[in-house]
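Student: Please construct the entire structure, taking both the sequences and the accompanying hints into account.
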Amino acid sequence: MIFQDLSNGIALGATYALIAIGYTLVYGILRLINFAHSNIFTLGAYIAFVFVAMIGIHWAFAYAFAILLTAIVGRMTERIAYKPLRDAPRISVLISAIAVSYIIENILVMIFGGRPKSFPRPEIFDQVVTVGTVRIPSVNIIIILTAAVVLTVLIIVLYRTKQGRAMRAMAMDFDTSRLMGVNVNKTIGFTFVIGSGLAAIAGILVANKYPQVNPYMATMYGLKAFVAAVFGGIGSVPGAAIGGVLLGLLEILFVALLPDLSGYRDAIAFVILIVVLLYKPTGLMGVKGRVKV
Amino acid sequence: MKILSEQKQILNDKESLNKIIILLILVAIAVLAYVSENLIGDYPRRLVMLFAINVMLAIGLNIIFGFAGMFSLGHYGFMTIGAYVAVILSLSPEQRMSNFYVTKMVPWLENVQIDPFVGILIGGFVAAFFAILIGIPILKSLGDDYLGIATLGFAEIIRVVITNLADITNGPLGIKGLPKFINVYWVFGFAIVAVIFAIRLGKVSSGRALKAIRENEIAAEASGIGLLYHKVLALAIGSFFAGVGGALLGYWTATIDPKMFTQVQNFTFLTIIVTGGKGNITGTVIMSFIITIGMEVLRFVEEPMNIFGLQYSGIPGTRMLTFSVLLLIIILKFQRGIFKHEFSPRLFYTRPKFFNKIRWGNKK
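Those protein sequences? They're chains A and B, same order as listed.
When the letters of the first sequence are read in order and numbered with my numbering, they come out as residues 5 to 297.
When the letters of the second sequence are read in order and numbered with my numbering, they come out as residues 17 to 380.
Mixed in with the good hints there might be a few duds.
[Stated by the list, open to error] Stretch by stretch, here's where chain A covers chain B in the computed footprint (C-beta under 8 Å, at least three residues):
no.: 1; stretch: 163-171
no.: 2; stretch: 199-209
no.: 3; stretch: 283-289
Please keep in mind that the hints were generated in silico from the structure rather than gathered at the bench.
Note that CB positions come from ideal geometry on N, CA and C, so glycine has one too.
Tutor: Listed below in structure tokens is the structure:
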């Protein structure tokens with residue numbers, strides 16, 4: 005039983021981690037809490053749903069298209085809604101992000117209706133792996149493996165490529181990196197492409213896990229993923245990954261060990277958030293920022 | 017000397033003219049309140065009340081955000097607290113019977129019944145108390161972004177706790193069938209108190225201190241302004257208004273439940289403040305009116321209609337979509353808010369062509 009809980013916890017945490025990275029990358033560079041990010045996650049799941057259930061192409065192609073399209077949409081939101089506001093007060097950008105978030109959510113409601121739709125999951129996601137007496141759903145294993153591979157690739161991109169170095173430089177000091185010849189618009193665009201792509205992957209994995217999609221599934225997932233990003237230290241990619249996995253594990257273990265209090269499940273993440281903010285505001289891996297006069 | 021005294025005379029004249037104009041405005045509001053209470057239908061009356069409640073809630077958030085520059089994403093949590101405290105304290109025995117049939121209410125609350133008005137005020141104070149409780153540790157060590165995140169987390173915790181404490185709050189079922197005792201005079205009274213309070217706050221020293229903190233925290237601290245005290249003060253005042261407004265909204269809908277207040281409300285108020293201009297009371301009032309009425313007017317896009325022979329049967333989601341697209345356009349167009357100046361009685365007797373030259377109120 006404990007192994008199944010652990011696999012559930014890590015799988016949940018891995019999806020939090022994938023979404024949290026998008027929050028953390030954007031916050032690191034633009035200091036913006038991108039409220040539309042959680043809706044990008046839903047959008048990814050819905051595009052995959054359209055390709056698989058309505059058009060009916062092979063799931064692997066469908067998922068690849070969905071990730072690509074979502075990344076493009078994420079890039080477009082930056083172009084339309086955030087870029088014109090780059091010199092505006094940060095709160096205006098936040099309002100803009102909220103507006104984008106509502107636009108995506110309500111377009112989905114208009115097209116697909118507000119009710120959940122069942123997500124046809126491929127054979128391979130729908131099995132149970134038995135090792136001795138331990139039974140683990142294959143979807144959990146796939147989620148964990150996918151997340152691990154994606155994170156490794158992302159770390160390589162961030163630390164071993166020129167574009168990744170530009171992103172890290174901008175997160176460290178926006179103006180100086182601009183002076184040093186970093187192409188600001190291209191780098192921000194790249195950040196949004198990566199963040200939205202990861203959110204789409206998370207969306208598809210989550211849709212496969214519960215097998216359903218609904219336009220409001222992002223609300224709680226997005227908030228908790230954001231908590232994971234703060235938990236791990238906002239602005240830090242490894243921190244977001246570790247924060248996500250820990251948060252997922254804590255949530256599942258809390259329910260497994262204290263079934264009487266399972267009603268408080270959704271509060272766990274936020275209690276952790278407040279405790280972290282009080283005792284270690286920079287999170288697990290965050291760097292302490294200095295206030296400049 | 018003679019010239020000086022003449023100028024003084026003119027100033028005095030203008031001052032009494034200002035007083036008369038403000039008095040006239042108050043009379044006009046009173047007439048408006050009387051008309052909406054007695055002469056118009058139920059639906060417009062409810063809209064007028066909603067507008068007044070929204071003014072109050074938006075002003076509460078404007079004191080936190082517009083005056084002090086702090087960023088609260090959890091305003092709705094304080095609204096929920098206010099609504100629940102006010103309603104639970106003033107339930108009548110019959111309402112208790114009809115609501116708490118799944119879970120019994122805890123014994124120590126069973127025989128409490130206080131006047132609803134006092135209940136609403138207590139709701140506000142409890143919300144302010146929680147704001148101080150969460151505000152002090154967070155504001156002591158952290159910046160403003162984190163306050164937003166922390167209050168958001170707090171609001172979500174409140175929701176979960178209320179859903180689970182069924183023997184006090186009736187859990188997810190909520191409390192239904194509240195008496196409809198609030199009327200236009202009530203909500204207008206509260207809204208006017210909130211507006212006057214905010215205007216006064218902008219003129220007294222603690223209000224000026226708040227604006228100094230908003231403009232430059234380090235400079236404010238260097239000038240001897242106590243950061244923590246003033247920030248917590250602003251948060252507490254704003255949350256008090258949130259609690260009272262939440263309670264009024266609860267009575268307005270005649271039912272409360274844990275999902276009644278969500279982030280959507282919070283964003284609506286943020287929108288009102290940002291489009292109305294940071295810390296601008298005039299803008300807050302006007303934008304509250306536009307958004308309250310606008311959200312109602314936009315209902316038509318979801319209604320079935322017939323356009324040039326084409327049958328259109330209303331798609332759910334269109335209203336929010338229209339609202340958010342408009343919001344996006346407004347925020348891209350007016351990045352710093354639509355209203356730049358405060359309302360001033362001088363508006364009535366100054367020639368329009370001097371509009372650009374005079375200073376209206378405290379111009380930033």
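Student: Against this structure, judge whether each hint is valid.
Tutor: So, going through the hints one by one against the coordinates:
no., hint, in the structure
1, 163-171, "holds (count 6)"
2, 199-209, "violated (count 0)"
3, 283-289, "holds (count 3)"
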